[in-house]
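Visitor: The primary structure of each chain is shown beneath.
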Amino acid sequence: MRVNMTVNGRPQEADDVWEGESLLYVLRERFGLPGSKNACEQGECGSCTVRLDGVPVCACLVAAGQAQSRDVVTVEGLADFAKQRSTPCGGHGPGPDAGDATGGGAGRADRADGLAPGISISDAQHWQAKPAESASPELAPVQQAFIDAGAVQCGFCTPGLLVAADELLERTSEPSDADIREALSGNLCRCTGYETILDAVRLAAARASEGA
Amino acid sequence: MGVTRIPTSLTQGSHTKGAIGESTLRPDGTLKVTGDFAYASDLWHEDMLWGCTLRSPHAYAEILSIDVSQALATAGVHAVMTHQDLPAGTHYGLEIRDQPVLADDVVRFHGEPVAIVAADHPETARRAAAKIVVEYRELPPITNEAAALAADAPVLHPHRTDSHAAHVPHPNILHRQPVTRGDVAAARARADVVVSGDYEVGMQDQAFLGPESGLAMPAEDGGVDLFIATQWLHSDLRQLAPVLGLPEDKVRMTLSGVGGAFGGREDLSMQAHACLLALRTGKPVKIVYNRFESFFGHVHRHPARLHYEHGASRDGMIQYMTCRIVLDGGAYASASPAVVGNAASLGAGPYAIDNVETEALALYTNNPPCGAMRGFGAVQACFAYESQMDKLAAELGMDPVEFRRLNAMTQGTRLPTGQAVDSPAPVAELLRRVKAMPMPPEQQWITADESGESIDVRALPGGLSNTTHGEGVVRGVGYAVGIKNVGFSEGFDDYSTARVRLQVIGGEPVAAVYTAMAEVGQGGVTVHAQIARTELGVTQVTIHPADTRIGSAGSTSASRQTYVTGGAVRHACELVRERVLELGRVRFGSYHPAWATAELLLESGKVVTDDGEVLADLVHVIGDESIDVEREWRHRPTEPLDPHTGQGFGHVQYMFAAHRAVVEVDTELGLVKVIELACAQDVGKALNPLSVLGQIQGGTTQGLGLAVMEEIVVAPDGKVRNPSFTDYLIPTILDTPSIPADVLELADQHAPYGLRGVGEAPTLSATPAVVSAIRAATGLALTRVPVRPEHLTGT
Chain Z
1 MRVNMTVNGR PQEADDVWEG ESLLYVLRER FGLPGSKNAC EQGECGSCTV
51 RLDGVPVCAC LVAAGQAQSR DVVTVEGLAD FAKQRSTPCG GHGPGPDAGD
101 ATGGGAGRAD RADGLAPGIS ISDAQHWQAK PAESASPELA PVQQAFIDAG
151 AVQCGFCTPG LLVAADELLE RTSEPSDADI REALSGNLCR CTGYETILDA
201 VRLAAARASE GA
Chain D
1 MGVTRIPTSL TQGSHTKGAI GESTLRPDGT LKVTGDFAYA SDLWHEDMLW
51 GCTLRSPHAY AEILSIDVSQ ALATAGVHAV MTHQDLPAGT HYGLEIRDQP
101 VLADDVVRFH GEPVAIVAAD HPETARRAAA KIVVEYRELP PITNEAAALA
151 ADAPVLHPHR TDSHAAHVPH PNILHRQPVT RGDVAAARAR ADVVVSGDYE
201 VGMQDQAFLG PESGLAMPAE DGGVDLFIAT QWLHSDLRQL APVLGLPEDK
251 VRMTLSGVGG AFGGREDLSM QAHACLLALR TGKPVKIVYN RFESFFGHVH
301 RHPARLHYEH GASRDGMIQY MTCRIVLDGG AYASASPAVV GNAASLGAGP
351 YAIDNVETEA LALYTNNPPC GAMRGFGAVQ ACFAYESQMD KLAAELGMDP
401 VEFRRLNAMT QGTRLPTGQA VDSPAPVAEL LRRVKAMPMP PEQQWITADE
451 SGESIDVRAL PGGLSNTTHG EGVVRGVGYA VGIKNVGFSE GFDDYSTARV
501 RLQVIGGEPV AAVYTAMAEV GQGGVTVHAQ IARTELGVTQ VTIHPADTRI
551 GSAGSTSASR QTYVTGGAVR HACELVRERV LELGRVRFGS YHPAWATAEL
601 LLESGKVVTD DGEVLADLVH VIGDESIDVE REWRHRPTEP LDPHTGQGFG
651 HVQYMFAAHR AVVEVDTELG LVKVIELACA QDVGKALNPL SVLGQIQGGT
701 TQGLGLAVME EIVVAPDGKV RNPSFTDYLI PTILDTPSIP ADVLELADQH
751 APYGLRGVGE APTLSATPAV VSAIRAATGL ALTRVPVRPE HLTGT
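Order-wise, the sequence lines are chains Z and D.
FYI, full-length UniProt numbering numbers position 4 of the first sequence as 4, with every residue one higher than the one before it.
FYI, full-length UniProt numbering numbers position 575 of the second sequence as 575, with every residue one higher than the one before it.
Worth flagging that the hints you see were computed from the coordinates, not collected in a lab.
Only part of the chain Z face toward chain D is listed, based on derived beta-carbon distances under 7 Å:
1) Phe156
2) Arg181
3) Tyr194
Sample of chain D residues with no beta-carbon within 12 Å of chain Z, all distances over it, derived:
4) Gly21
5) Val155
6) His157
7) Ala186
8) Gly197
9) Lys250
10) Ala352
11) Met398
12) Asp493
13) Glu599
14) Asp642
15) Phe649
16) Arg721
17) Glu790
Quick look at which bits of chain Z chain D covers, simulated, 3 or more residues with Cβ under 8 Å:
18) 31-37
19) 40-50
20) 62-76
21) 140-153
Computed from a prediction, not measured in an experiment: that's the story for all the values here.
Note that beta-carbon positions come from the ideal geometry of N, C-alpha and C, so glycine has one too.
Throw the hints in and build the complete structure from the sequences for me.
Guide: Okay, here's the thing in C-alpha cells:
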C-alpha cells in the first residue's frame with residue numbers, strides 16, 4: 001500500500017508498504033530517519049517515541065497506515081519544532097502550517113534531502129567527533145540540556161527521552177521532580193540511572209524560565 | 001647533545017583546556033541528541049538483505065532432520081543456511097570454542113540458533129524461517145546442580161579438550177577453583193560466634209537498549225567487511241575468521257554505534273551469521289535482533305547458589321570464612337572460567353580474613369548460556385558475604401557498619417589468594433562516608449501547603465497505583481560494601497594499542513587518536529581526547545573510528561578501558577611529545593638554553609619551561625611534519641591462580657564502593673520503594689567527573705534492579721519464560737531513587753594518573769544494601785534476589 005504523512009514538516013510518501021509495517025519501520029527504513037530507535041519493538045521502552053499529531057506515541061506500536069495523512073515529529077525534527085514553537089506566530093503542536101520550506105513531495109523511499117534510507121556505510125565510516133562545548137544553534141534547548149547535563153551515555157534511549165521531555169516542557173514550564181519522573185516513566189534508560197536525565201530536564205526548564 | 005627531559009609529573013597539561021580532571025562533554029553528544037549517530041541497527045546499503053535466525057524451541061534435543069525447501073522456495077528469499085552449509089570452522093567461543101555457529105545434531109539450550117535466512121524484507125525472512133521444518137527428539141534437560149552431577153547424568157560436552165577438563169571432578173563442571181589460606185579448622189575451634197547461610201542470585205540480563213545488530217558486506221577480494229556493535233573487535237575477529245574460512249586480514253571490522261553493552265556483547269551473536277549470509281549471497285546482509293530475540297541472543301549473568309559460613313570472636317573480629325559458590329554456566333562456556341576465578345578470589349569480600357576455604361565452580365547445564373555481565377562473578381559473592389556480615393553483626397550485637405569497619409581490609413591486606421592489596425583500600429573510610437551522608441526526610445509522601453496536608457502517592461510504594469496512603473509502610477536502612485578487580489586477571493596478556501598523530505591543520509596543532517576501543521556509551525572517546533590534550537597541550541583532538549586495521553584495544557569490560565587503552569593513548573602521546581621536543585631542540589635549541597637544561601612541557605599549544613616561560617609555538621616546532629606513533633601498552637602482569645590452592649598474584653587492581661540504601665516497604669502488599677541509594681566510591685583519579693558519576697549512578701541502578709525486579713525466569717524444562725521488557729523488568733525513572741555519590745580519589749601508584757576502574761564496583765554493593773534495608777524494614781531473612789512481593793508477604 002501507499003502511505004503519505006507529514007514528517008518533521010515535510011510531506012513523505014512510501015509505496016509498497018506491507019500492511020504489518022510499523023510507523024517505526026517506515027520512518028527508519030523507508031524515510032531515512034533512523035533517529036527513532038528500535039530498542040524493544042514491543043512498546044515497553046519508549047526509545048521510538050515520536051509525536052503523532054502532537055501526542056507522544058511509541059512508533060513501534062503504530063501501524064504505518066494509522067499515520068496516513070497525519071503529522072509526525074521525530075527527534076530529527078525536534079530542533080525545528082522547538083524553533084517554530086518559540087516564534088510568536090508558531091502555534092503549539094505540529095499544525096499543518098509547520099510547513100515544508102523546500103516544498104514538493106519527497107520521492108518514494110528517499111529522504112527529503114535526497115539521501116538513501118538509513119545511514120550509509122560511508123557516512124558511518126567517516127563520522128567525526130564534533131568538538132565539545134560548542135553550543136549549537138541547531139539544537140532544541142532540551143537537546144542541548146541533555147548534552148550539558150551528561151544525560152547521554154550510549155544514547156540509544158536519548159531520542160525517545162528527548163521527544164517525551166520536550167512534550168513535558170511544552171505543557172509544563174516548571175515541572176517538579178515527580179512530574180518529570182511521571183512523564184518519563186515510559187522511557188527506559190540502562191546507562192545513566194536517570195539522575196542526569198532529571199538534571200537535563202531541570203536544566204532545560206530553568207533555562208527556559210530564565211529566557212522567558 | 002643532551003637528552004631532553006620529559007616531565008613525568010602531573011603538571012604536564014594542567015594548563016590546557018579540556019584536560020583530564022575536567023567534565024568535558026562527549027564528542028559524540030550532538031550526533032546522539034539529533035538522531036544522526038549511526039548505531040549498528042541504523043546502517044543501510046543498496047540491495048541489502050535482511051538476515052533472520054531460526055532458534056531451538058527446546059532446551060535439549062537431538063536434531064533428527066532439517067528441511068529448508070519451503071523456506072528456500074519463498075519469494076524474496078536469497079539463502080537459507082544450516083550447519084551443513086558452514087564453509088569452515090563450525091564452533092566459536094571466547095576461551096573455549098564449544099559453541100556451534102549453527103546447531104549440528106543437538107541443541108543444548110532454548111533459543112540456540114539452528115538455521116539462518118536472508119531475504120529482501122525482514123518479515124519475509126521471518127516467515128521463511130518459520131517454514132523451516134526441524135524434526136527434534138526432546139531429551140530431559142539438565143537444569144540444576146543435582147541433575148548435572150548425578151551419576152547417570154548425560155555429559156553435555158563429551159569430548160572436552162579445554163585446559164580445565166583435566167582438573168574438574170565431573171565433566172559437567174566447566175571449571176572449579178578452590179582458594180585456601182590459613183587454617184580454617186583451628187580458627188573454627190576458636191570462634192565464639194558462627195553464622196552460616198544459603199543464598200541465591202537469579203539470572204540477570206544486561207538489557208542494553210541497542211539490540212544486537214550489524215551489516216556484513218561481501219568484498220571483491222573474497223573477504224567481508226562487517227560493521228558491528230561489539231565490546232571487542234579483535235576478539236570477534238579471532239573467532240569469526242576461522243568460521244568464515246578466511247584469513248584475518250580479509251575480515252575487516254568497523255565499530256558501529258553501540259547502544260550499551262554491560263558484558264552482553266563480549267560473545268559473538270549475529271556476527272558470523274551475517275557474514276556467512278553475505279558471503280553466500282554476494283549481497284550486503286543486515287541482521288537486527290528484536291528484543292525477544294535479544295534475550296536469546298546473548299549470555300546473561302550467572303545465576304548462583306552460594307553457601308557461606310563465617311566465624312568471629314566475641315570482640316567482633318572475623319576468624320575465618322568458608323564458601324561454596326555454584327554458578328550455572330548454561331549450555332556453553334562463554335566467559336564462565338574467568339567468572340569462576342573472580343568469584344573464588346573475591347568471595348571473601350573486602351575484609352581481612354586470614355583463614356579461608358572457598359570454592360567456586362561453573363556448571364554446564366541446558367539453561368541459557370551465562371557469561372560476562374557488569375560485576376562478573378563478584379556480584380553474586382557480594383550479595384552473599386554482605387548478607388552474612390549483617391547476620392554476624394546481629395549475632396554479635398554490633399552495629400553492622402562498625403562491624404564491617406572493624407574487619408575492613410586496608411592497603412597491604414592479603415586476599416585469600418595470598419596477593420597483597422598494594423594500593424589504597426579505603427573500605428572503612430567509604431563506609432564511614434556513606435553513613436555520614438544526610439538522610440532523606442521521613443514520610444516524604446506528606447506534602448503540606450496552605451490548605452493543609454495532602455498525600456503524594458507518587459512518593460509511596462505502589463506509586464500512582466494508589467495502593468497506600470502510608471498505612472503499613474515501614475522504612476528500613478541497609479549498608480553494603482564490595483570489592484571488584486579491574487582488568488583481565490590470572491595471567492591474561494591484557495594489552496591495548498594506540499596510535500597518536502600530531503600535525504598542524506589549518507594553522508592549529510591537532511592530535512588524532514586512533515584505537516580499536518569499543519565505545520559502548522561509557523565515554524572512552526571523551527577521556528581519550530582529554531588524555532591527548534593533557535599530554536600534548538593541544539585543544540583540538542579528533543578520535544578516529546575504531547576498526548581492526550589497528551591492533552587490539554582489548555575488551556570494553558572489566559572496567560579496564562580508561563586504565564588500559566587510556567594508558568596506551570597516554571604512552572603514545574608521551575612518545576609523540578618526546579619527538580616534538582627533539583624536533584624543537586633541532587629547530588630552536590640554539591635560541592634558548594632552556595631547550596637543553598629545563599624540564600619542558602607542552603601547554604596550550606606552546607612549548608614552555610616548567611617555570612612557564614614560552615620557548616616556541618607548537619605550530620612552528622611541528623611545521624610540516626606529521627608526528628605519528630603507534631604502540632602497544634600493558635599493565636603490570638598478573639599470574640594464574642594455583643588450580644589447587646588458588647594462590648597467586650591474580651589481579652592487577654581493585655575498586656571499592658559502599659552503598660547505603662533507604663527503602664520503604666508496603667508490608668501488606670510486599671511493594672518496595674527505594675527512597676535513596678547513596679554511594680561512596682574510590683576512583684583513584686576522576687579523569688572526567690561527570691562520566692564517573694554516570695558510571696556510579698548507572699551501575700548502582702543495575703544493582704537495584706537485581707535486588708528487587710530483574711530476573712530471567714527459566715522454567716524447570718529449561719525454557720525462558722519472560723523474554724520481553726513486558727515481563728523482564730528493568731528500573732524505570734520511577735523505580736530509581738536519588739543516587740547521591742561521594743567520590744574519593746586515592747591514587748593507585750601503579751595506574752596511569754593514579755586512576756581506578758569505576759564502572760563495576762557500584763553494581764556489587766547496591767544489591768545487598770537494598771536487600772539489607774528491606775530486611776531492616778520487614779525483619780525477614782531474605783536470602784534470594786531479586787526480592788519479590790511474595791517473599792515479603794509470604795503469600
